[in-house]
Every structure is written in C-alpha cells, then in structure tokens.
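A.B. asks: So the chains spell out like this:
Number of protein chains: 2
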Amino acid sequence: MSEQNIMDSSVFIATSLDGYIARQDGNLDWLDKANAIVPEGEDCGFVDFISTVDVLVMGSNTYAKVLSFGTWPYEILVIVLSQRDLSVPNELSDQITISKEAPEDLVKRLSAAGKQRLNIDGASVIQSFLSKGLITDMTITAIPVLIGEGISLFGRTEKDIELEHISSKAYDFGFTQTKYLVK
Amino acid sequence: MSEQNIMDSSVFIATSLDGYIARQDGNLDWLDKANAIVPEGEDCGFVDFISTVDVLVMGSNTYAKVLSFGTWPYEILVIVLSQRDLSVPNELSDQITISKEAPEDLVKRLSAAGKQRLNIDGASVIQSFLSKGLITDMTITAIPVLIGEGISLFGRTEKDIELEHISSKAYDFGFTQTKYLVK
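Those sequence lines, one after another, are chains A and B.
The opening residue of the first sequence carries number -17 in our numbering; numbering runs sequentially from there.
The opening residue of the second sequence carries number -17 in our numbering; numbering runs sequentially from there.
Same shape as in the complex, but just chain A:
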C-alpha cells in the first residue's frame, strides 16, 4: 500500500462456492435459503466486522438492492460510487452520499479525513478497488451451493493478485469463512 493510505479497505462478503455474490438479476434466494438453517443470532462475524468500519462504500447495483429491502439496514455512513445520477430518499440524506470520485480519490479523501476502515461492497466496486491495489483485506464466506451463473465476486485483473491467508473458520452449518490480506 502507498504511504498515504493507512486506512483499511475491507471486503466482507458471502459467495456461492462457484464464486457468485448474487444471481445475474441480483436475486439472493440461494443465500436466503442457506441462511434459513443458520442458528438465530449467528451472523458469521458481521456485527463485529461492521463495528470496526467507518464508511460503507458500494456501487449503484448494491445500493438499488439494499434500497429494495424497504428498511435501510445500515447505521454507518454509506457512500455510493456511481457515474450515474442517483437520488437519495430524503429521510436517508444524512446517511447516504452519492459520489462520482475515482476509487483512489475517495480513499485519499477519507484517509485524510481520519477514517480508519472502509467496507467495500458490490462486485464492480470491489473489482475496481482490487485493480487499483486499494483493497487491504477480504473475508469471504463460502456458501455450500453451486448456482451456475450470476454476478461474480472477482473479475479480470491486469496481473495476478497475491493474497496472504490469515485465518479460516468452518461453521457447523457448512459455511466456511476465510480471511486474506492483499499483498
């Protein structure tokens, strides 16, 4: 990482075993089905993780998906990175910012503002951060199902991206969670 970036930009995400974060149309039915057998109160570390995060950065597709839930689930500041002109519901205007910044500019600005950790969410935003060398760590929870096609967590890269395995955990209900640092 470059010297000015002392902030972490972290991925914390679930994928099917074949690497999809959603079906092509954004549907998460396969994940909901898998979650149905997860014991109540078990969040696979999400609350602990999100408590360390200052800002959640997502793309427009993830934003649309989360808005469709009806209830906005996040308490932390959310920045939606998109070149599109998106609107924010009035009641969420102090929680959500739309930005057209490039990933590296956003990281510089938030780092200079003293932010310690970003959560980067959504396949295209994650991929653009990865391609710029801006992701510091990834926690990936593999769901034991193959869905065959969908929105892939990873995409093309200009070069190989080497990772350092930090920890792995297998849950009784079949999810496996692995944490990597990006070298």
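Be a bit skeptical, because a hint or two may be false.
Identical copies go unnamed one by one, so any copy, or any two together, can satisfy a pair.
[What the hints assert, rightly or not] Here are the computed lysine to aspartate or glutamate pairs in the EDC-like style, where the Cα-Cα straight-line distance is at most 16 Å:
1. Lys47 with Asp103
2. Lys90 with Glu146
3. Lys141 with Asp11
4. Lys97 with Asp(-10)
5. Lys47 with Asp11
6. Lys15 with Glu144
7. Lys114 with Glu57
8. Lys15 with Glu146
9. Lys141 with Asp36
10. Lys165 with Glu146
11. Lys15 with Asp142
12. Lys141 with Glu131
13. Lys151 with Glu73
14. Lys97 with Asp11
15. Lys151 with Asp76
16. Lys82 with Asp25
17. Lys114 with Glu144
18. Lys47 with Asp119
19. Lys90 with Asp14
20. Lys141 with Glu86
If you're looking for bench data, these hints aren't it; they were derived computationally from the structure.
We have chain A already, so just place chain B on it with the hints.
C.D. replies: The following block gives chain B in isolation, referenced to the frame of chain A:
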C-alpha cells in the same frame, strides 16, 4: 445418487481463489509459483486420496497437458473421455484408454466392473459429471492468488447444486482445502 451407483466419483483439485484451475491456455505457472513455497513432501493429501482411486477419468485438454509433462505421472488406469480421435503413446497403451462414452454410461460400466472410486479431472469433464448428478464428493484446495481469467472449475448448471461441507483444513503456507459431498 441412483441405486446402481455405489461407486464414488470424486474431484480432487486446486483452484485459484477466483475459481480457475488453469490459465486459459492451460498454463499452471501461478500454481507452480505457489507450490514453490510448499514444504518438501507436503502433497496436501493427494497421495492418500489417489491411493483410494481405481480409475482416473479426464478430458482431452487435461490429457494433452499431462502428456506435455514428458513423464506420465500416474500408475492407475486413466480413461480419457473425448469425442475426438485421440492417440495413446505405445508405451502407455496398457495404462490409458480413450473412450467416447457418456459420463453415465462410463459410471455404470465401471461400477458394474466393481470399481470403488473414480477421480474425475479437468473442468469440462467435471462439469458434465456434475450436471448429471454423478459427482459424489469434491476436495478443493484454494490457492491464495487471483489470476483474473482462465479455465473455470465450475460452469453453468441447470439447477442449483447443494453441497454438504465435510471438512476444512488451512495449511501454514496459505492453501485452504475444503471437502464437500454433493447432495
């Protein structure tokens, strides 16, 4: 599994974290590079696994790749499933058979012949066996690198394929290995 199939058809394979078993041209340089830091004598369970296998089934691409190594590495019977007319070097004619059988016919024949376990290798053969419900278990070793594009272990499926997590292991050198049964 259907009643006549008491034989296991097993996958035992390494992938990049983004799910590729090789670069698009078959190159395994990224895997060789990762293997360079693996302690001598550590095979991540391959010898134990292959000692339980009666027949190794692969496709024509994997066959061509293994032939290119110069030294044929397998002692067990290999069946190459391909619709192409492939030749077998004379000195390997008692170890390698070329077959145009459909996966289900091969499984029936080998099961009837008393075989206990097949190792299914190569992306297209694995995918065709999976789509027919013929894979019984998969041991996948994830290498901590993103290579961006290549030959994907998994492909499209007609329906979701649910898996049962059996075990996970993380190696000191960063590989993680997960074993699943196919439901």
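A.B. asks: Hint by hint, note whether the structure agrees.
C.D. replies: Each hint tested on the structure:
no.	hint	in the structure
1	Lys47 with Asp103	within (12 Å within a copy, 38 Å between copies)
2	Lys90 with Glu146	neither (24 Å within a copy, 43 Å between copies)
3	Lys141 with Asp11	between (33 Å within a copy, 13 Å between copies)
4	Lys97 with Asp(-10)	within (9 Å within a copy, 52 Å between copies)
5	Lys47 with Asp11	within (13 Å within a copy, 39 Å between copies)
6	Lys15 with Glu144	between (32 Å within a copy, 11 Å between copies)
7	Lys114 with Glu57	neither (28 Å within a copy, 46 Å between copies)
8	Lys15 with Glu146	between (31 Å within a copy, 14 Å between copies)
9	Lys141 with Asp36	neither (30 Å within a copy, 39 Å between copies)
10	Lys165 with Glu146	within (7 Å within a copy, 32 Å between copies)
11	Lys15 with Asp142	between (34 Å within a copy, 11 Å between copies)
12	Lys141 with Glu131	between (24 Å within a copy, 10 Å between copies)
13	Lys151 with Glu73	neither (39 Å within a copy, 47 Å between copies)
14	Lys97 with Asp11	neither (34 Å within a copy, 39 Å between copies)
15	Lys151 with Asp76	neither (36 Å within a copy, 44 Å between copies)
16	Lys82 with Asp25	neither (32 Å within a copy, 48 Å between copies)
17	Lys114 with Glu144	within (14 Å within a copy, 35 Å between copies)
18	Lys47 with Asp119	neither (24 Å within a copy, 34 Å between copies)
19	Lys90 with Asp14	neither (36 Å within a copy, 36 Å between copies)
20	Lys141 with Glu86	neither (18 Å within a copy, 40 Å between copies)
When each numbered hint is compared with the structure, violations occur for hints 2, 7, 9, 13, 14, 15, 16, 18, 19 and 20.
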